[in-house]
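Using the sequences and the hints given, assemble the complete structure.
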Amino acid sequence: AQSVTQLGSHVSVSEGALVLLRCNYSSSVPPYLFWYVQYPNQGLQLLLKYTTGATLVKGINGFEAEFKKSETSFHLTKPSAHMSDAAEYFCAVSDPNFGNEKLTFGTGTRLTIIP
Amino acid sequence: GAGVSQSPSNKVTEKGKDVELRCDPISGHTALYWYRQRLGQGLEFLIYFQGNSAPDKSGLPSDRFSAERTGESVSTLTIQRTQQEDSAVYLCASSLDAPGQETQYFGPGTRLLVL
Numbered sequence: 018a019q020s021v022t023q024l025g026s027h028v029s030v031s032e033g034a035l036v037l038l039r040c041n042y043s044s045s046v047p048p049y050l051f052w053y054v055q056y057p058n059q060g061l062q063l064l065l066k067y068t069t070g071a072t073l074v075k076g077i078n079g080f081e082a083e084f085k086k087s088e089t090s091f092h093l094t095k096p097s098a099h100m101s102d103a104a105e106y107f108c109a110v111s112d113p114n115f116g117n118e119k120l121t122f123g124t125g126t127r128l129t130i131i132p
Numbered sequence: 856g857a858g859v860s861q862s863p864s865n866k867v868t869e870k871g872k873d874v875e876l877r878c879d880p881i882s883g884h885t886a887l888y889w890y891r892q893r894l895g896q897g898l899e900f901l902i903y904f905q906g907n908s909a910p911d912k913s914g915l916p917s918d919r920f921s922a923e924r925t926g927e928s929v930s931t932l933t934i935q936r937t938q939q940e941d942s943a944v945y946l947c948a949s950s951l952d953a954p955g956q957e958t959q960y961f962g963p964g965t966r967l968l969v970l
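Protein sequences appear in the order of chains X and A. 132 is the number that this note's numbering gives the last residue of the first sequence; the numbers go up by one with no jumps. 970 is the number that this note's numbering gives the last residue of the second sequence; the numbers go up by one with no jumps.
Everything labelled a hint here was simulated from the structure, so no lab data went into it. Heads up, a few of these hints could be off.
Stated by the list, open to error - Chain X regions said to be covered by chain A (calculated; three or more residues, Cβ under 8 Å):
#, stretch
1, 58 to 65
2, 123 to 132
Said to hold, decoys possible - Counterexamples of contact, computed for chain X against chain A with all Cβ distances above 12 Å:
#, residue
3, VAL28
4, SER29
5, GLU32
6, GLY33
7, ALA34
8, VAL36
9, VAL46
10, LEU73
11, LYS75
12, LYS86
13, SER87
14, SER90
15, HIS92
16, HIS99
17, MET100
18, ASP102
Fair warning: this is a prediction, and the values are worked out from it, not measured in the lab. The beta carbon of each residue, even a glycine, is placed where N, CA and C say it ideally should be.
Here is the structure:
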C-alpha cells in the first residue's frame, strides 16, 4: 500500500521568498511521484512528475522537486514566490507496476502569498 | 476537445434523490478515473476504467455509487439515494495510460451539495 504525507496544511510565504512544500511517501516499490496544483474553482493541473532518471525535476511556473529515495521525500520548491502561486498543492504517488492506476494523493497544502 | 470536461459544474439535490455526473475525457485517452474531494481533504480514488477491461471499482464507498463508460468515451457516475456526506467535488481525469504517458489530466469537477 502507498501513502502520502504533506506536512503543513497551510503555508504562508512572503512574495519573493522561497517556497518549500513538503511531501513524504511510503511505497513498497520505487514510485512515480507527482505534484498537482489547484487554483480556486479550477481543476487540478500537473506541475511536474518524476518517473525515472534525473531525480531533480523541473516543472511549470518555476517550480521544481527532488526525489530523495533515502528520505522518501519529494519536496516542492520555488526560489521566489509570486502572488499568482497562491493555490492548493497536492503531492501524489502511483505504483508503476500497475501503470497509472489509482493515484494516491496527500491531503494538500494551501499556499498563501503575503504581499 | 481541448481538455476533460464535466457536467454539471454544480449540483444541488435533496437527500434521497439520485444524481448523475458526466465526464467527457480527452479524445484518444483510454484511461478514465473518478475521484472525490471532500472539503479540506485530499482526493479519494473512486473508480478506474481502462479500455475494454473490467473497471477497478475498489474505491467506491458504497453500493449507492456506480459508474459506466461507453467504450473509450463518456463516463457517468451515478449516486443513488444521496446522503449529506456525499457532498463533495467529484473530479474526473483521463490519461493515455501508456509507458511514459502516466499523466492524468483533470476536469474542473462537479460540486455536489446534498441538502
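Consistency of the hints with the structure:
no. : hint       : in the structure
1   : 58 to 65   : holds (count 6)
2   : 123 to 132 : holds (count 3)
3   : VAL28      : holds (15 Å)
4   : SER29      : holds (17 Å)
5   : GLU32      : holds (26 Å)
6   : GLY33      : holds (29 Å)
7   : ALA34      : holds (25 Å)
8   : VAL36      : holds (20 Å)
9   : VAL46      : holds (14 Å)
10  : LEU73      : holds (19 Å)
11  : LYS75      : holds (15 Å)
12  : LYS86      : holds (19 Å)
13  : SER87      : holds (24 Å)
14  : SER90      : holds (18 Å)
15  : HIS92      : holds (17 Å)
16  : HIS99      : holds (23 Å)
17  : MET100     : holds (22 Å)
18  : ASP102     : holds (19 Å)
Going through the hint list in order, the structure satisfies each hint without exception.
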